[in-house]
Amino acid sequence: MSHRGSRVLRLDALARVEGEAALQLAVRDGTVAEARLRVYEPPRFFEAFLVGRGHGEPPDITSRICGICPVAYQMTACQAIERACGVTVDGPLARLRRLLYYGEWIESQSLHIHLLHAPDFLGCPSAVELAREHRAAVERGLRIKQAGNAIMEQLGGRAIHPVNVRVGGFYRVPAPAELAPLAERLRRAHDDALATVQWVASFDFPDATYDGPFLAMRDPGRYAIDSGTPAVMAAGAGSDAAAPVRALPVEEFERHVVERQVPHSTALVSELDGHHYLTGSLARYAVSGRWLHPSALDAAREAGLGDPATGRVCRNPFRSIIVRAVEVAHAVAEALRIIDAYEPPARPYLAVPPRPATGRAATEAPRGLLYHRYAMDADGTLTLARIVPPTAQNQAAIEYDLRRQVQSRLDGPGEPPGDEELTSLCERAVRNHDPCISCSAHFLDLTVERG
Amino acid sequence: MEPDPRPSLAVWKFASCDGCQLTLLDCEDELLPLTDRVRITHFLEMSSAEDSREPATLAGTGPYDLSLVEGSITTVEDVRRIHHIRRISRRLVTIGACATAGGIQALRNFADVEEFRAAVYASPEYIATLDTSTPISAQVPVDFELRGCPIDRGQLLEVLTAFLAGRKPNISSHSVCFECKRRGTTCITVAQGVPCLGPVTHAGCGALCPAYGRGCYGCFGPMATPNLEAMVRELRHDGMTERDIVRVFRTFNAASPEYGPVPGLAAQEAPGTPAEEGPR
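As given, the protein sequences belong to chains E and S, one line each in that order.
First residue of the first sequence? That's 1 in this note's numbering, and the numbers climb one at a time after it.
First residue of the second sequence? That's 1001 in this note's numbering, and the numbers climb one at a time after it.
Careful: at least some of the hints might be erroneous.
A few chain E residues facing chain S, derived, Cβ under 7 Å [to be verified]:
1. Phe49
2. Pro125
3. Asn164
Hints are computed from structural coordinates only; laboratory data are not their basis.
Quick reminder that beta carbons are idealized off the backbone N, C-alpha and C, glycines included.
The shape of chain E in the complex, shown without the other chains (with noise of 0.2 Å):
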């Protein structure tokens, strides 16, 4: 086929991705015309059925949006509550918190780095045929996955939709000699994680550049995953230099985070200012690789990464495979932290007595910055339930790198491409953006319904 003319490539599933979402793609005489990617996943309505329900009840009922980050909605569901009620998690109870959240990363991360995104770097369909020439390496993943599932075990009762959350807290909290096992666990993981990143960095990585702005929640001193700000990095200008970050409040996220409507999607498109940006690994290391703990700083810098302490960022999403192994190492490293210098908490929660205002929180879900915003009258009951999830926030973004990356190929040198390469290359842009699309179909804006 000449790559003159027009056609119109169409895949019908996207493999080895969370959820079910189609692509469209059409070129016309060499130039792209159209990228799309389509979520045809049923929508669920969650923010319409939350109306109506007890201020104790998002954790787990938004855990539901998603099997592969329940933690993340519901630790984010926690905060958003809490400050509504005015009140504040902090101590040894935000910290088992936060080790519950790292298991989380632990196990979504090393989910997407061995099953879904290293056979397309060694030219394999599906981790089973990975394993037949690569075992030790995906034992090794599998193993650090299931050192993830553990924490979530221990902590929270379950690896998917874990029984212990709740607003405040926890039901229970462990004693110290329970959570012995884990560290014992997470020591190999270190070392397996540590392997992992120099397994992930000697792949071989196209020339590829998102080059519009990262959002990323951001704490000083701190690789924020449940604390501080949102903020933006400013589009870069192609090169691997950080660029400036500015703030953005949860109070005014949704002054500049606006989602719409597009025909070909269950899911809502979100721009931040009018332009499409990119939640995630890649804008988490932007914006806060400074302060990975030390150990996997070492690692992001011999597998060439660029070092983030000197304000080198990387803009390549195919190498955002690399990130999120120097992530699980870093989430593995502070875990160990956080039960090595585990104290009980004196109560397994906090009360939080309702009363009539609106909270907001935001957190860093494996796939990217995901928010909160929910409002409840005198007896807790919620009157307005928004949630913006990471992918829904990717989606333009995805579709913007999808029109590069095959524009490029295009324009680049050597045989046109033929529909299956270009097909493939499509498939492989969505993948490193590690889309959650059983999230991103499920959001519904009650801001409309005013309206």
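Given chain E's structure and the hints, the job is docking chain S onto it.
Just chain S now, kept in the frame of chain E:
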């Protein structure tokens, strides 16, 4: 080429959170050995092999020896898809509360879906959705239903093993109370007066919540013969209001027909007058 003697396994997704199929990937120790015994022919989340892509287009021909189905039916397209999957599957097992009971998205069954859609989307006409979220068994015959939101990993492995061996899965249908006894957990209702759905909830989780000092919230759905009248009376005795009682049943298995009488039972006694004859 020799035909592959391994039975084929397919994993399908409908309206859901992905958590139940993730449970398969969470079998870290068993995953690779399992693939020696079973050919995972369709599992979109796991593989980009061509066979994996069949589902969305209805082009799949199978046949699959065992299909695991996650998620509930909420669109006309998905009605077509589940019938197609049934046709090309020798055995079909639902995994989780969405596929087995309609999931939390079945809360739409109690509301006006037009309001939901308009509340959510600025241009509701783009969003094709049915008025209800229904379990797979409302559309096609199902060989086995595995409960839970999410399913339990051990139970999933039991189901896979049983189907490989051609026997019935050994999954009990008694209540969570039995699992508390087995685990040695002191009854939190008796000892602390914590409201707990354990007596009417299907076993399978291993009685997790009571072990964490929390009352069971029913994520595995109703057990075989739930005594809801006694349950509602006890919940009220333990301090729950009518609204609390309706809320706790209207979650992940909201559309289970067994729960139908709950709102009526919860409304029978005026709030604030706990029954004196609670089964203490």
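Now the hints, each set against the structure:
Residue-level restraint check for Phe49(E) holds (minimum Cβ-Cβ distance to chain S is 4 Å; threshold 7 Å). The beta carbon of Pro125(E) comes within 4 Å of a beta carbon in chain S, closer than 7 Å, and the hint placing it at the interface holds. About 5 Å separates the beta-carbon of Asn164(E) from the nearest beta-carbon of chain S, less than 7 Å, and the hint is met.
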